[in-house]
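Each chain, written out:
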Amino acid sequence: MARFQRRPRFCKFTAEGIESIDYKDLDILAANTSDTGKILPRRSTGTKTHFQRQLSTAVKRARFLALIQYTDQHDN
Amino acid sequence: MRHYEIVFLVHPDQSEQVPAMVDRFKDMVTSGDGKIHRVEDWGRRRLSYMINDVHKAHYIMINIECSLGVLQDIERNFKFNDSILRHLVIRRKQAITEESSMARAKAREDAAEAAKDSGNQRPRTEERTFKSETTADKPEKTTEQADDKKIVEVA
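In order, the protein sequences belong to chains L and Z.
Heads up, the first sequence is in our numbering, so the first residue is 1 and it goes up one at a time.
Heads up, the second sequence is in our numbering, so the first residue is 1001 and it goes up one at a time.
Incorrect hints may appear among the rest.
[To be verified] Just a sample of chain L residues kept apart from chain Z, beta carbon distances all over 10 Å, derived:
hint : residue
1    : Phe4
2    : Arg6
3    : Lys12
4    : Thr14
5    : Ala15
6    : Glu16
7    : Gly17
8    : Thr36
9    : Ile39
10   : Leu40
11   : Pro41
12   : Arg42
13   : Thr49
14   : Gln54
15   : Ser56
[What the hints assert, rightly or not] To give an idea of the interface, some chain L residues facing chain Z are shown, with a C-beta separation under 8 Å as derived from the structure:
hint : residue
16   : Asp25
17   : Phe64
18   : Gln69
19   : His74
Hints were generated in silico from the structure; no laboratory data involved.
Heads up, the beta-carbon is just placed ideally off N, CA and C, and yes, glycines get one too.
Isolated chain L (complex conformation):
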């Protein structure tokens, strides 16, 4: 029977020793949002609660400033 092989998950932010997630760091935000612009859940990224909270505010700030998209269905 084929069984799903789970990759070991770990919190990238803890591993890299990042102090705080900034809304200006678009690479980090892009890595933690889906192609449609949704924030990826902790269950798929393994991010610790502390950083997931920071990530969510960072993404929301970046969205407000039009640095990243809210959705892939914007009119432009």
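Please arrange chain Z on chain L, whose structure you already have, making use of the hints.
Below, chain Z without anything else, positioned relative to chain L:
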């Protein structure tokens, strides 16, 4: 006195007024006994979605330390200035002076573009001359071929 980080988006048609605007805000802060810790110009960026029917905007970020009254003055200014599309004010715990990741990314892009421009200038012209030569050669060949065909047809 508290630390704030302000980002505002200026209408792309009013891009020339940005330095004057920044100077005015700086004056407002310093006259209110505040401090300016960091000013960054991210330049004109493409918006991820349209704001007020505009696709691009000029981004400015300022880190300041000022009293609430001064901040309110600045925010009132944002509100009544039609060329400012959007603004965001965040409270920070301490003064931030190092370059942000956005400015670093922009500097990297600019450097890459400059390198590309200086590196490509000569090859481009060479390419062009090469192309023109080949294009000059080709029509002759085609006409010859066409002539041959005609001859064949006639024969």
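Hints, one by one, checked against the model:
1. Remark: the non-interface label on L/Phe4 is consistent with the geometry, its nearest Cβ contact in chain Z lying 35 Å away (cut-off 10 Å).
2. Distance check for L/Arg6 against chain Z: the nearest CB is about 32 Å away, which clears 10 Å, and the non-interface claim stands.
3. Every C-beta of chain Z lies more than 10 Å from that of L/Lys12, the closest at about 16 Å, which supports listing it as non-interface.
4. Listed as outside the interface, L/Thr14 is consistent with that label: its C-beta sits roughly 19 Å from the nearest C-beta of chain Z, beyond the 10 Å cut-off.
5. L/Ala15, annotated as away from the interface, keeps every beta carbon of chain Z farther than 10 Å; the closest lies near 19 Å.
6. The claim that L/Glu16 is not at the interface with chain Z holds, since no C-beta of that chain comes within 10 Å of its own (minimum 14 Å).
7. No Cβ of chain Z approaches the Cβ of L/Gly17 within 10 Å, the least distance being about 16 Å, so the stated non-interface status holds.
8. Non-interface call for L/Thr36 relative to chain Z: holds, since the shortest CB-CB distance, roughly 13 Å, exceeds 10 Å.
9. Every beta carbon of chain Z lies more than 10 Å from that of L/Ile39, the smallest distance being close to 15 Å; the non-interface claim holds.
10. No Cβ of chain Z approaches the Cβ of L/Leu40 within 10 Å, the least distance being about 18 Å, so the stated non-interface status holds.
11. Taking the minimum C-beta to C-beta distance to chain Z, about 22 Å, the non-interface status of L/Pro41 holds against the 10 Å cut.
12. In this structure L/Arg42 is separated from chain Z by more than 10 Å, as the shortest Cβ-Cβ distance comes to about 23 Å.
13. Once the 10 Å rule is applied to beta carbons, L/Thr49 is consistent with being away from chain Z; the minimum gap is 20 Å.
14. Distance to chain Z confirms L/Gln54 as a non-interface residue, since its nearest Cβ pair spans about 13 Å, more than 10 Å.
15. The Cβ of L/Ser56 lies farther than 10 Å from every Cβ of chain Z, with a closest approach of about 15 Å, so its non-interface assignment holds.
16. With a least beta-carbon distance of about 5 Å to chain Z, the hint placing L/Asp25 at the interface is held under the 8 Å criterion.
17. With its C-beta approaching chain Z no nearer than about 6 Å, L/Phe64 sits inside the 8 Å limit, and its interface hint holds.
18. Among the interface hints, the one on L/Gln69 holds; its C-beta lies about 4 Å from the nearest C-beta in chain Z, closer than the 8 Å criterion.
19. Because the beta carbon of L/His74 sits about 4 Å from the nearest beta carbon in chain Z, less than 8 Å, this interface hint is met.
Of the numbered hints given earlier, the model fails none.
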